[in-house]
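Enquirer: Starting from the known structure of chain A, arrange chains B and C on it as the hints suggest.
Residue strings, one per chain:
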Amino acid sequence: MDELSGYLFVGAVLFVCGVICMTTKRNGIGVLMGVELVLNGANLNFVAFSRFSPLGLDGQVVALFVIVLAAAEAAVALAIALNFYNNHQTIDVDRGNELSG
Amino acid sequence: MAIITWRFEYKEIWRAMSLSPTLLLSVIIFLPALGALILMIFDKKAVETMRGFALAVTAITFVLTLLLLGHFNPSDPGLQPVFEVTGDELKLVQNYEVQDDGSIALSDRVISAAAIQRGVKLEWIPGWNINYQLAYDGISVPLLLLTSFISVLAMLASWSINKLHKGYLILFLLLETGMLGVFLALDFFLFYVFWEVMLLPMYFLIGIWGGPRREYAAIKFFLYTLAGSVLMLIAILMFYFGSANEALGVAATFDLTELANIGQGNVAAITFSETTQIVAFILLFIGFAIKVPTFPFHTWLPDAHVEAPTPISMILAGVLLKMGGYGIIRIAFPLCPVGAAYAAHTLVAIGAISIIYGAFAALAQTDFKRLVAYSSVSHMGYVLLGIGVWKINESTGAAIGRDYWLMGMNGAMFQMLAHGVSSAGMFFMVGVIYDRVHHRDLNQFGGLAGIMPYYSGLAAGIFFAGLGLPGLCGFIGEVFVVLSAWNFSKLLAIIAAGGVILTAGYILWTLQRVYLGPEYKGPHKDELLSNPFNGREASVAVILLIFAVVLGVYPEIMFGLMRESMASLVESLDAGYQNAVDSAMTIKTTLK
Amino acid sequence: MEDLGKQLSTLLMVAWLLPFFGFCIEVFGGYFKWRLTKTAAYIAVGCIGVGFLCSVVAFMQWGNATDWVVFESHEGEHHVSADHDEAAKSHDEHGAKHDEHAKEHEHGEEHADEHGEKAEGAHDSHGGHAKPAVQTAFSGQIYHLARFGELDISIDYYIDSLTLGMFMMVTLIATCIHVFAIGYMSDELTESYEDHFVHTSDGGHFKRPGRFYRFFSYMSLFCFSMLGLVLAGNIFQVFVFWELVGICSFLLIGFYVERKSASTAANKAFIVNRVGDFGFIIGLMILWTSCGTFRFDNYEDHHGHEQPGLFQMVRGNDGHVTQDGDAVVLKDVHGEPLTDASGSTKTIPYMLLVAAGLGVFCGCVGKSAQFPLQTWLPDAMEGPTPVSALVHSATMVAAGVYLAGRFFPMFLPEVLLTIAYVGCVTLFVAATIAVVATDIKRVLAYSTISQLGYMMLGIGVGGWGAGLFHLITHAFFKSLMFLCSGSVIHGCHHEQEMPKMGGLWKKMPVTAFTMLVGVIAIAGLAIPGTSIAFSGYHSKDAIVATALQFVDDNPVHILLFIVPLVTAGITAFYMFRLWFYTFAGQPRDAHVYEGCHESPSVMCGPLLVLAPFAAWCAIGGEHGKLFSILALSEPASTEVVHASHDIHTAAGSFALVAAILGTLTAYLLYGKTIVDPANIKRQFSGLHTFLVEKWRFDELYDVMFVRPSHVVGKWCAGVDKYIFDEFLHGVVRTGIRVSQWDRKFDEGIIDGLVNLVGNVTFSIGRSLHVFQTGNIRQYVMFIAVGVLMLFALLFAFSFAILA
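Chains as they are written, first to last, in my numbering: chain A, 7 to 107; chain B, -10 to 581; chain C, 8 to 810.
Quick caveat, the hints were computed from the structure, so don't treat them as lab data. Misleading hints may appear alongside valid ones.
As the list claims (entries may be wrong) - Simulated DEER-style distance windows between Cβ atoms:
no.	chain 1	residue 1	chain 2	residue 2	range
1	B	538	C	379	32 to 40 Å
2	C	734	B	189	19 to 27 Å
3	C	782	A	71	23 to 31 Å
4	A	81	C	782	39 to 47 Å
5	B	523	C	596	50 to 58 Å
No experiment lies behind these values; they were computed from the predicted model shown. C-beta atoms are modelled at their ideal positions from N, C-alpha and C, and glycine is treated no differently.
Here chain A stands alone, though its shape is the one from the complex:
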């Protein structure tokens, strides 16, 4: 097993954990955390590919974008969560199904 696969393996574990977290957590904050995990798993892959390919710093740059976007997304998501709480007195995402078709 070379070094890249290790990174990829860790990234995949992180990603899967994030996804499982997103699907299983009913707490909105928990879901957000799952999202963070997925993003970071992906970031790890970007950095790893960047490190082990002749692409230069592209991967790192993308990773930085993702981090910034994650921060922004977290801010927005937390605001949504607060509003959600104001309206529903809970942050159980299963209770928020108003957008169902």
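Expert: Frame of chain A, contents of chains B and C only:
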């Protein structure tokens, strides 16, 4: 446009009053339309003022047509006004005569025909070579006079209209513009435009101010006439595209005189082929025959007349029907002499059938107005008969007994004028009685001679004019046409002559049922008694009767106007057909 | 001679136009203050009276200027001619004087009559009809109607002795009748005239304002039209006035417009006349197309060349018709064949010329009520009696005979034979009906038809002079008899049925006497062996003699002699029957008899004026003045027949015997009543009914023409309504249906396709909505599962490709 100056070599009195003929023609046409525009700003409640104004407009138009008559030179067979072209300047020529060799003499100078421009011509849509082109000659002047004259009388009869006065008067004046335009236009496209302009006001006048079945009648009228217009439009396009010759650099034209020259084979290298002429003639003929109307295109007429208000019936019978005849004489014949010669026999036959058929149908009517309408069909049959009696020697193409054809043509024209007077009078007389008793059932009249003697006397006079009594206008037209017909076809002449018996039958029977007898049998007798024949109505009837007598006793008054133009038309058609036969012979011999 | 033509035409035109001016004033009579006075009548009488004086003056001038060639050619004695000159002059003076006193014209007439008689004695021989060297006929143009190329139609005049004679006769009789009508129509001079023949719906009699003025305006218009007809210089103009007299007849027959029978009779008269005119027009068409002119006489065209008139074209200078194969050669003014522009001879097919003659004769048949168009005349008696006297016996109906005479040169032998047979049938049919008629006016009407038949027969067998001779004499005695009957009707308060009269001789002696004069005249009685004879004897004798001459030449046409001879007896019978019925015997209806009275002098006067004319106007027979005047105009035609002396004597005796037999029978049956006529009626009831029903012509024509034309009219109207209109409606309906289909296509197919796309999209969305639960965790699950599946597919494909 070149500067136009004019001078009058005679009748100094006109000078002070006259407009330039160029202007005069346009003023005649558009004055009623202008009047209609001005009427729009009137208060709709000022009914009497509006009527008076509209009457004044029609009267002024009539005076203007009389002025035009003053300009008209009856000894000149061609179109007028005539301009002498000298550089950029156009001069109006009044005194000149046509010499034997075809050149035209002006005082002591001789100007070649090329330097003469006949008619007013202004560019309108240059891209299509469409011009605003107006002219008059011995064929249009009498009809022009008739139009403006009948319009005045119909306007006088319009006092019986009792709703939406403003709209009525506006449409009436627009209609007059259309009618006058048709008789003056010399550009085929312009002619078509005026033809259609006349159609719409008529549709509304029948459809809004008419009787109980007015919508039906209006739509029937519209459909028939529109069908005719479409056929005419096809013919117009055939002529237009046929008149161009790119190799020679000759542009296509709508000019009726040029098209006639081509049709008569007077233009080198451009001709309308025999097939074109025949097809175009048939299209044009159907278009005009619907307007005349002749059997079998006549069934719109009774309905339109029955439903139309009295003044519109007068216009319809007095002027509109004449446009069909005018179209045939002015357009269908000159543009396609070969087609005309080809169809002459059919024309005469249709004319004879119309005479008899209309008379028989009139005999069976119980509606007074319908009866008069059918009498129009019968009387207009004479027009077609007279126009068509062109007997041709098949081998040379020359006309046999051309003077008889000339007589028929003149008789047909006269019959149109006579019918314009007599039928307008008859419809007016029916209207007078309808305004009082509100019905037209012939079996419910009687005794009017005792109740309204003055009216009945005038009515009898006008109906006698329709019957063709000598000394009244109907006789001259009918008998001249019939006399000219024997030369063409003995059988058809006899059939046409049979009309005199039937005409006497239905008119006298009608007179008996309506005017004679001891008592009025129908409803509204009280209104008949309380509402005597008034001065306005009497003046219309008296004027018409006087004209009927004048035309009947001294027909030369009209023949004198149209004689030269008719003679030259007949001559040119004869020559045109001979040209066609000659060229066909040449082709045959070359082929051999 | 030019001047004479001008003078004559001026005089006659004054006579012609004066009644027209009279008409123009009188027709507005209802608007004048004098509407209930006799002013209108005075105007009318003045106009026609002056017209009569003008005619007489014209005749005198014509006689003077032509040196009385009219009589001279027979007399050959200059002193007589000079005598005439003086007489003429004195008459001129009289004429001038009477211009001022138009009302006293009767004197003028009597004077003219005396003048005629005085000269009578000088007559003894009747020479041939050689044309005198002096110009006696004048023609010219009054004004143009129209000109088309070389064709030219104008209003002309043609004046010869026939024209002059007709003018004098018409104006004289018209004057008398106008005067008579002043009395006869005087009950119209009221604001409330009660018409006993018309019942209103409330059961009473109809009342209306009187129409005295209107009667005279129509009469004036009629005089104008009639004189125009006589003056006409071309056949077209004859046609014009032909129609005008027709319409005057229409107006006068229908004078009592309230009476249905009157207006129907008026319509019938005009329409039946139009049937004749239909033929007339065809004749005109043929002549116009073949000859190119309508003028009788030669004329100057607008180039100033002399052109031949119709008579010259056909007859040339010598009266012969030149034939070229089946065609008749037309001749120019010199009698040479006429050539057209290309140099070929102008001809007209023989049969076409026959057709033209028959056509013109058709017009005469209508106007003169000849078989088969005779049915209108008896009905025309619906008009006031003076109308019957003037229009329907003396003048208008004679116009047909006049035209047949005027147009004689154009008639080929075939046409003349037709004319003769038509006249022959007519005179017999009408006479038989007259025998059974009981209405006094109808008897006279049928006798008129019968006498017109005589005239036609006379012309048809070539007796040009005889026919027109009878025209003039008949005009006098028939107008006299009609006026007498008018006097009777007036006296008996509008009772016209003879069975209700009888014995009126005592009550109205003047009427009875003048009527007797007329009856003797028409019966043609004379005292054998002497020259004492009434006018009818001379003229009828002339006709019968010509017929006998004709039959002598063409024995196959024997009927043309037998029938008129027999009918002469019948004529005498029914005329005397009328007289005995009315005036002789015992009164049959006391009521009528009691109320009866002699007419006022204004009515008796004209009777007394006319009576001598009726008796003696033809004095001298074919050697007399009247005949000579007419004979001068005899056309140069080879068809003219003159009876030889022997034949004349024979025919005269036969006719006289027939007349006397008829008279005797009438006397025995109705005067003496040796056999009751009612018995005879019963014996022959079938025949009687047949005759009373006028040979059933009315019914026949009703079935043959009137009803069919109404049916055809209904057909035509039906064709319009059910074929043309239905066709149009069908077209429109089809159009509407097409547009309905179009709408369906639009709505169903085009719109449907668009909607389908929308609907499908919508329904797909609708069915997918179950996946949109709104549950975030599920969405994540979907994504995860989806990614896994994508990977799985990817792998599967990549393995498949690698494999």
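Enquirer: Using the C-beta atoms of residue 523 of chain B and residue 596 of chain C, is the stated range 50 to 58 Å upheld?
Expert: 51 Å, holds
Enquirer: Cβ-Cβ distance between residue 81 of chain A and residue 782 of chain C: within 39 to 47 Å?
Expert: Given about 24 Å between the Cβ atoms, the range is violated.
Enquirer: Should the hint that residue 734 of chain C and residue 189 of chain B are 19 to 27 Å apart at their CB atoms be regarded as holding?
Expert: 26 Å, holds
Enquirer: Check the following: the C-beta atoms of residue 782 of chain C and residue 71 of chain A are separated by a distance inside 23 to 31 Å.
Expert: 30 Å, holds
Enquirer: Cβ-Cβ distance between residue 538 of chain B and residue 379 of chain C: within 32 to 40 Å?
Expert: Holds, at about 35 Å.
In this structure, only the earlier hint numbered 4 is contradicted, and the remaining ones agree with it.
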